[in-house]
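Novice: Construct all of the structure, not just a fragment, from the sequences and the given hints.
If you read the sequence shown in this note's numbering, its first letter stands for residue 586, the second for the next number, and so on.
These are computed hints drawn from the structure, not numbers from a lab. Note that the Cβ used here is the ideal one computed from N, Cα and C, for glycine as well. It is possible that part of the hints are untrue.
With beta-carbon atoms standing in for the labels, derived distance ranges [stated by the list, open to error]:
{"hint": "1", "residue 1": "668", "residue 2": "616", "range": "22 to 28 Å"}
{"hint": "2", "residue 1": "621", "residue 2": "660", "range": "33 to 39 Å"}
{"hint": "3", "residue 1": "615", "residue 2": "654", "range": "21 to 27 Å"}
{"hint": "4", "residue 1": "665", "residue 2": "615", "range": "27 to 33 Å"}
{"hint": "5", "residue 1": "621", "residue 2": "675", "range": "15 to 21 Å"}
{"hint": "6", "residue 1": "682", "residue 2": "654", "range": "28 to 34 Å"}
{"hint": "7", "residue 1": "616", "residue 2": "637", "range": "20 to 26 Å"}
{"hint": "8", "residue 1": "658", "residue 2": "618", "range": "30 to 36 Å"}
{"hint": "9", "residue 1": "651", "residue 2": "675", "range": "17 to 23 Å"}
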Amino acid sequence: MRYAAIAIIAGLLPEAAAGQSLHQACLAAGRTTDPVVCACIQAAANRTLTAREQKLAASFFADPSLAQDIRRSDRRRHERFWERYRSFGETAETYCDSCAIRPAAASSIRSSAPSKSRV
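Specialist: Pasting the structure below:
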């Protein structure tokens, strides 16, 4: 029993630590001063993205051109990430709407995720 509790706690710690990357990036970007907006975005990320994907998505706040590079990439890994990132944007918009929050930041996440066209 004791070891099971330790294993559960140990399993949650990395997720809890990584689970704030978008929240912190959102606040640092200065697009909003309301931490509730950033918490809403983080909650959507926790539902749709892995901790690793959240770190990558958080880097888009500091370097938006990286998002475009990944979106345009032909690497299968980037294509799979972009599909989940678009889902995250849609989730953030829906989730924040349901929380009576309509942050520009959540809307911009969805709008920055255009369909990837093959040419």
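Novice: Indicate, hint by hint, whether the structure satisfies it.
Specialist: Tested hints:
At roughly 24 Å, the beta carbons of residue 668 and residue 616 sit within the given window of 22 to 28 Å. In this structure the supplied range 33 to 39 Å holds for residue 621 paired with residue 660, their Cβ-Cβ distance being about 35 Å. One distance hint, 21 to 27 Å for the beta-carbon pair residue 615 and residue 654, holds here, with the actual separation near 23 Å. Against the hinted window of 27 to 33 Å, the Cβ-Cβ separation of residue 665 and residue 615 comes to about 31 Å, which satisfies the hint.
Range check, residue 621 to residue 675: Cβ separation about 20 Å, and the 15 to 21 Å hint holds. A beta carbon spacing of about 30 Å between residue 682 and residue 654 agrees with the range 28 to 34 Å that was offered as a hint. Under the hint 20 to 26 Å, the C-beta atoms of residue 616 and residue 637, about 23 Å apart, fit the expected range. Remark: the range hint 30 to 36 Å for residue 658 to residue 618 is upheld by a beta-carbon distance near 34 Å.
Against the hinted window of 17 to 23 Å, the Cβ-Cβ separation of residue 651 and residue 675 comes to about 21 Å, which satisfies the hint.
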